[in-house]
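J.: Each residue of the sequence shown is one higher than the one before, starting from 1 at the first, in the working numbering.
By construction, these hints were calculated from the structure, which means they are not laboratory data.
If a hint is listed, it holds; no wrong ones were tucked in.
Heads up, simulated EDC-like pairs for lysine to aspartate or glutamate below, C-alpha to C-alpha not over 16 angstroms straight-line:
(1) Lys8 <-> Asp22
(2) Lys7 <-> Asp22
(3) Lys7 <-> Glu52
Restraint ranges, calculated between C-beta atoms of paired labels, are given here:
(4) Asp187 <-> Lys66: 32 to 42 angstroms
(5) Lys66 <-> Ser219: 33 to 43 angstroms
(6) Thr16 <-> Glu67: 33 to 43 angstroms
(7) Arg62 <-> Glu131: 27 to 37 angstroms
(8) Gln126 <-> Lys7: 38 to 48 angstroms
(9) Lys8 <-> Gln126: 39 to 49 angstroms
(10) Val229 <-> Asp3: 47 to 57 angstroms
(11) Ser161 <-> Lys8: 40 to 50 angstroms
The beta carbon of each residue, even a glycine, is placed where N, CA and C say it ideally should be.
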Amino acid sequence: MKDIKIKKIIRTNRRTISLHIDDDTNLIVRAPEFASQHDIYSVVQRHSIWVERTREKVNKRRIERKEEDKNKKDKILYLGEYYPLILKNDLKTDDSVFVFNSSDIIKNYKNMDIPPDYPLQFKDAQFYLDESYINRKAEILTNWYKSMAFFVINERVKICSIEYGISFAKIRITGAKTRWGSCFKRDLNFTYRLVMAPIFIIDYVVTHELIHVLFKNHSKCYWEKVVEVMPDYKERRRWLKENGYKLEV
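Construct the entire structure; sequences and hints are all you get.
T.: As structure tokens, then:
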């Protein structure tokens, strides 16, 4: 049997042993404090086929990501679509209108958080960046995403809330990198990265968290409610699992 190398063993106050393959195809093991080396290696060997298959998938995805990075070098991802990025000298615009597609309806939003002289503007299906800010592109784009996420996600939550008959307290946009959303009591949190995803994926995450207002865990009742309001949630969840890595600045 092929010997499988473990990159790191993380011991915490948990009851089970779990395996994780990171973006560099390394095997990370999370284990209880009391688990012996023998216990850990036994679990790894029993799941050796899974480890190898997952490593192959991660490696394939890494290669695809490099290719995509080349193709999107001069493009910006917004609501599931890549738009060209154009550098302009001394960019100045007047009261920009930001556009996104929602249920085949074009909706216009004046972004009050982004001043008209902000060095990144989105107009006529193109992004314009003041070339003097090229070295701060990631920072500027992140701030733009955060501002747009506030408007887009708030709109989607309100629409879904009315449709499902579920009320909430408040919405917060976060910079979370490992969670798409969360629900505490009746407060909803969403990462700004969602604004890079298509509307139907934003609606999936919004639905997932809204229903947590009613059910605090992933019980049978919880999933029955999800299916009731969004019968195709599994397809949406699969899209997010397969494409979530693209939603990064």
